[in-house]
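Now for the letters of each chain:
2 protein chains.
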Amino acid sequence: MNACGLIVEYNPFHFGHLYHLQQSRKKSAADCVVAVMSGNFLQRGEPAIIDKFQRAKAAILCGVDLVIELPSVFAVQNSDLFAKGALLTLEELKVDSVCFGSEHGEIDTFLQAYNRFTQHREKYDQILKRSLTEGYSFPEASRSAYQAIGLNSGSVDLSKPNNILGYSYVKAIKEYGLSMKALSIKRVHNDYHEPEINHSIASATSIRNELHKHEHITDIAKETLPDPVQQILMEYKQEAGLWHNWQDYFDLLQYRILTMQVEEIREIHGVEEGLEYRLKETAAKADSFINWMTALKTKRYTWTRLQRIFVHLLLNNQKQTIQPLLNKDHMPHLRILAMNKTGRAYVNHKRKVIGVPLVSQLKKQKSPLALIDEKASNAYYSVTNHDKRSKLRRQELTFPYMG
Amino acid sequence: MNACGLIVEYNPFHFGHLYHLQQSRKKSAADCVVAVMSGNFLQRGEPAIIDKFQRAKAAILCGVDLVIELPSVFAVQNSDLFAKGALLTLEELKVDSVCFGSEHGEIDTFLQAYNRFTQHREKYDQILKRSLTEGYSFPEASRSAYQAIGLNSGSVDLSKPNNILGYSYVKAIKEYGLSMKALSIKRVHNDYHEPEINHSIASATSIRNELHKHEHITDIAKETLPDPVQQILMEYKQEAGLWHNWQDYFDLLQYRILTMQVEEIREIHGVEEGLEYRLKETAAKADSFINWMTALKTKRYTWTRLQRIFVHLLLNNQKQTIQPLLNKDHMPHLRILAMNKTGRAYVNHKRKVIGVPLVSQLKKQKSPLALIDEKASNAYYSVTNHDKRSKLRRQELTFPYMG
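Residue numbers (this note's numbering), protein chains in the order written: chain A, 3 to 405; chain B, 3 to 405.
Just chain A, same shape as in the assembly (with noise of 0.2 angstroms):
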């Protein structure tokens, strides 16, 4: 069996992740189609809307056939961490290809990029770090250095988000040596971070915006998502009590930083350069989260990043414990969120020659990396009602969804 590999947050699924999948099963020609997914926690340093057992099943019912978790610890990370969790999941499973949406949907593209990186590598380093000691945020440097080894326009444009991570993906796997091939595919209206739908292909960005201010599923809305996410959407709602969103948190996350040295809060993962005063100061003041988000926000920090430390904040990640799993060049299990038949015949086919666990439910012995998912299904569902956070959380500990 063939499988083609997915990277995707589905936060919600939508039309346009719906293209998405079938253009790569058809330019794969793959059997199956895997879809390796953050959990409760994104990239960009947020709480998912609905939680990732949820959504997996919602990708099944649109048609992917086996969802894995990308383990909070690359999830929530800039995206060379993120791309290379997401790759070396792929890796164990034995794929034998990775295809992602970009601006011009070719490959070769991101391959020539990736040469003239290497062959510019040492004039990268030198301007990204002088602009880093002159106080601009990571992404501003990169994009100075990228742009002054020509990486800023013509084949690849590094400065649109969707680039940077297909790049990312393309790095990852030269870097890494990775064996599967990659693949892109053009995407369709794909404003990364539109804030309104204006369009049945709408982005996630805006579709959320529109679910959080109504609170129900609007005409609007419906356009943009198929029937089953509506549905898993409105019982997600139903049982817990919400769509999650940043502000549902403020009240953990002020009460921490309230009660924590500074020195422990230098202790989190993400927290440099004094930040630790810096949250300290505001947390005081701030009454809602982006208020408190605006107080913090500086040249150096962008919103982005700030949320992600928010994240290691609310799950209590300590540099200590995070570190050494990033450092690892090899996924030491394999989750499954959900899968259907085809998802189910791929592992089985491939159970030999994946050489680590499969893991479907959380038992009693825990990886590091899977007791920080758990951690992470523990706050994210503290904000959810009192009478079903328990069974909520028990998720982690049942067999997952099968289609």
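These are computed hints drawn from the structure, not numbers from a lab.
A few of these clues could be false.
What the hints assert, rightly or not - Straight-line distance between alpha carbons at most 25 angstroms, and here's what the computed DSS-like set of lysine-lysine pairs gives: (1) B:393 with A:287; (2) A:390 with B:287; (3) A:393 with B:287; (4) B:239 with A:287; (5) A:321 with B:321; (6) A:183 with A:330; (7) A:282 with B:365.
Following the hints, complete the assembly by docking chain B onto the known chain A.
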């Protein structure tokens, strides 16, 4: 000027407290009555119904001259450590006497009991240790040990909670060689934990039950509370949005336990004998505070002991921070919560002989004890109205109430 000290919690101030205040003033013939009061968390391991600033103001309006905070490090402890903290505070304040309520109101019986205790200390220690090894809780074990040396009846019955506190006061005076005189007055209608109001002098427990049950001050509750206290209770609820109760902190506590490693839970003050595992196991299933406590309670872990541990968990109080502070044998500062003219005159009169700083508002530089009290306030107000939280917290930094 001559001063008499009272050791109080005023949760809330009621007619029984007023009686104690008036009788103490009479018995001591003091010019100034000083109350050492627990802050936002109390000896039995509970959040106070309203904050320490409002409770202190109520005390002044009801006739107390000066209210000093008992640092939470000492307040949320067993009777011996609570007594130590309170009496060391009064010692630094240079009061002439301390006056407490007891079943018989005769101080000599406490002194005799103390003498008996010192004569039979070895036997007491032996039996205490044996009972603890057998799995009894500390209160039960010490009750057996007192019984074995004849301190369970007759002159002083140490099975009555108020006698235990009084005895702890006398013991602390003797053991730390303090210079104040101990006085006792007889309590009236003094069933300490009576659950329901049945007299205008009612237990604080019964008054709180009535208030929490009805969420307003019923006619029955009014009978037990001086007018200024009623006023303050209403204003506080208006502003903060609640009268504090453990259930309000359930989300924070459950979230904390479920995102801590067992090794971290073990570092919390009061967590011993594998309780860290029990806390984690029971947390996931609990859907209310009472529920959780019921699941946690064992022969060894009394309700009160568990509640105190929950305070230390909520405040993130680690053993390594708390233990050295408990071992000190003087109070490093005196925190003024409220005062009237007499209280101010007393402080001015004694300023030269008081050897430690008199703190009327927290500054940037804080002693370790004050840092923990600030943290306690931060945690305490975490459940109040969003838009009032920072104002409520700012009380720590502003000048105390002056009656």
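For each hint, the structure was consulted:
no.	hint	result
1	B:393 with A:287	9 angstroms, holds
2	A:390 with B:287	10 angstroms, holds
3	A:393 with B:287	9 angstroms, holds
4	B:239 with A:287	21 angstroms, holds
5	A:321 with B:321	22 angstroms, holds
6	A:183 with A:330	22 angstroms, holds
7	A:282 with B:365	15 angstroms, holds
Of the hints listed earlier, there is not a single one the structure fails to meet.
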